[in-house]
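There are 2 protein chains.
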Amino acid sequence: MAETHRRIIMTSRPKAEPTPDNFRLEEGPVPKAGAGEILVRTKYLSLDPYMRGRMSDAASYAAPVEVGGLMQGELVGEVVSSDNEKFKVGEHIAGHLGWQSHAVSNGKGLRKLDAGQPLAPSLGVLGMPGMTAYTGLLEIGQPKAGETVLVAAASGAVGQLVGQIAKLKGARAVGIAGGPEKCRYVVEELGFDACIDHKAPGMAEHLKEACPKGVDVYFENVGGPVFEAVFPLFNFFARMPVCGLISQYNMTELPAGPNKVPQLFRAVLTKRLTIRGFIVWDFAAREADFRRDMAAWVKSGEIKHREHIVDGLENAPSAFIGLLRGENFGKTVVRVAPDAK
Amino acid sequence: MAETHRRIIMTSRPKAEPTPDNFRLEEGPVPKAGAGEILVRTKYLSLDPYMRGRMSDAASYAAPVEVGGLMQGELVGEVVSSDNEKFKVGEHIAGHLGWQSHAVSNGKGLRKLDAGQPLAPSLGVLGMPGMTAYTGLLEIGQPKAGETVLVAAASGAVGQLVGQIAKLKGARAVGIAGGPEKCRYVVEELGFDACIDHKAPGMAEHLKEACPKGVDVYFENVGGPVFEAVFPLFNFFARMPVCGLISQYNMTELPAGPNKVPQLFRAVLTKRLTIRGFIVWDFAAREADFRRDMAAWVKSGEIKHREHIVDGLENAPSAFIGLLRGENFGKTVVRVAPDAK
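Chain order of the listed sequences is A and B. So that you can map any letter, position 124 of the first sequence is 124 in our numbering, and since no number is skipped, the others follow by simple counting. So that you can map any letter, position 90 of the second sequence is 90 in our numbering, and since no number is skipped, the others follow by simple counting.
Everything labelled a hint here was simulated from the structure, so no lab data went into it. Any given hint could be a false lead.
As the list makes no split between identical chains, a pair holds if one copy fits it or if it spans any two.
[Unchecked claim] In silico BS3-like cross-links for lysine-lysine, where the CA-CA straight-line distance does not exceed 27 Å:
(1) K208 x K271
(2) K199 x K112
(3) K15 x K86
(4) K144 x K112
(5) K260 x K15
(6) K260 x K208
(7) K304 x K260
(8) K213 x K260
(9) K86 x K108
(10) K271 x K260
(11) K15 x K271
(12) K271 x K112
(13) K260 x K199
(14) K112 x K208
(15) K169 x K213
(16) K108 x K271
(17) K208 x K88
(18) K112 x K299
Please read all numbers here as calculations on a predicted model, not as lab measurements.
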């Protein structure tokens, strides 16, 4: 039976939280590779919070998805036909080829996977989220032995790695996650020293208990009330890599006052805080270091990882909506090819 | 006629803006140097915005002045008697010896001035404010040739130097100052490329015109509405050394909402801003570099400086209150010894 080309289109921009109406599944014939091109059959698609930004036309570091255009994202897939000497049929690649079951590419920007490299983790611990955790923590956070590293969204794609890398560097790792199951996983499986449930009452008090020496590095994925609970705990010279702000991606207006910017700046000044935003490609020069270190840590078992696997491209929109609500547990990937291992 | 020892005591903590009631002039006999000590006769006293923080008992990087205690601050003075072999009568020193006409010291923490070094500038361009400008701009701001450096309180002790150092590094220097006279001075005497009057209407629009390529470094001395006008102009990867927040030192409650922290963090993330607070002693390792470079720049005339000289220790409180209102024009120093040159 001939395969169908399936793709997810953004039909309209979300006003606040995305809804299923903002997406449409389109079907058609599988495209063919032209001169110098390859055809890729998608195995897994990565879903990441940053994609919410691409759905908006507010100015940002990347161009937005067009209304009526293909949703953007990275996938891993198999080369199924090739007119490009750099890629052989049967090889696996990772690339930003969008939410679709098949993709034609001239090969530019694709990353070839080693034979036998596990596919879903290539989009997580060994991919962009892994490098985000590695570079943001080491380049901006710069944890030292004995310091306390606090990370929000600690069971998510990036957070789960931040705490483990912090431990490898001799720091105390404390996570913040939603719900007791995630918190238990973060401590018992990943080896964080503590994890605070932001859905349970008393978060601020629990955070304080879990960070008896204060916070030296706060790896920010969340913003909002979680940040407010962390804020009083900053030590002198604390560093705050700003990686994501998932709590405010669906925000349509600023929260009620008072305006706390002066309070924030006062702490920046008196405690000499560093607050620095980044995206992973700002540290592209560290990619080789990341690939070497992370592959070794995964192989040795020093770094564990967990993927949240959703079956079927048609379920990508609902999985993405759930990801923004924190319903995932681990790095979210969509199994696009039913036979993907 | 015997000299009198005069000192300014903090009688109560200010609630908002300090008032003359918060201070008292005390007189008594001139103290005597004991074993290993020296007696210093004050020539000039430095007044600096950070002292407002010392009058408050809110947690900060330095212990507050005690109620009933001597106001803290740096002075330059002459050694008038010495039982310490490191200091000779007639030498001049700078040190944090407080708001007083005479001080006894064991010599610890004092900095000896070179013979003939001008005294008032030793508290400004060649002292703590000079090193603050030098280290904050070069270590955190890191201006590159062709970039735009914007500095608030541009005619003040630190701001006047920040823009001139930026020019020496090949950057465009834009100042913000209060009133046309200060702005004219900043451009015509100090050589900034532009200076915007924050007391005139249309500051945000004028800033935008003065920074046609946006802002790469914003040296923050002020906070509040000035920051809000600068905020939209940040370029990608802009750096913001937070040196002072004079607009909010007298603040008793946070301003009305909305809460703009999420808006700030969104810009930090998407523009990859760096916001970092500092005080000068964080960069103590750069002191020798500062002394070498700044002395050379002042000598060659590449760096100009202006002191705002107030006569009489008894006028220090009103001069300090005026400094917090922006009434000074240049580095504020009090001539404590009527004969000081």
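Right, here's what the structure says about each hint:
1. K208 x K271: within (18 Å within a copy, 31 Å between copies)
2. K199 x K112: Neither: 40 Å inside a copy, 59 Å across copies.
3. K15 x K86: neither (43 Å within a copy, 72 Å between copies)
4. K144 x K112: neither (34 Å within a copy, 37 Å between copies)
5. K260 x K15: Answer is both: 26 Å inside a copy and 20 Å across each meet the 27 Å cutoff.
6. K260 x K208: Answer is both; intra-copy 21 Å and inter-copy 25 Å each pass.
7. K304 x K260: For K304 and K260, neither the intra-copy (38 Å) nor the inter-copy (38 Å) Cα distance is at most 27 Å.
8. K213 x K260: within (25 Å within a copy, 29 Å between copies)
9. K86 x K108: Result: close within a single copy only, 10 Å intra versus 70 Å inter.
10. K271 x K260: both (16 Å within a copy, 21 Å between copies)
11. K15 x K271: between (38 Å within a copy, 22 Å between copies)
12. K271 x K112: neither (45 Å within a copy, 30 Å between copies)
13. K260 x K199: So K260 and K199 pass the 27 Å test inside a copy (23 Å) and across (24 Å) alike.
14. K112 x K208: neither (45 Å within a copy, 46 Å between copies)
15. K169 x K213: within (17 Å within a copy, 41 Å between copies)
16. K108 x K271: between (45 Å within a copy, 26 Å between copies)
17. K208 x K88: neither (54 Å within a copy, 53 Å between copies)
18. K112 x K299: within (19 Å within a copy, 60 Å between copies)
Going down the numbered hints, you'll see the structure goes against 2, 3, 4, 7, 12, 14, 17, while the others check out.
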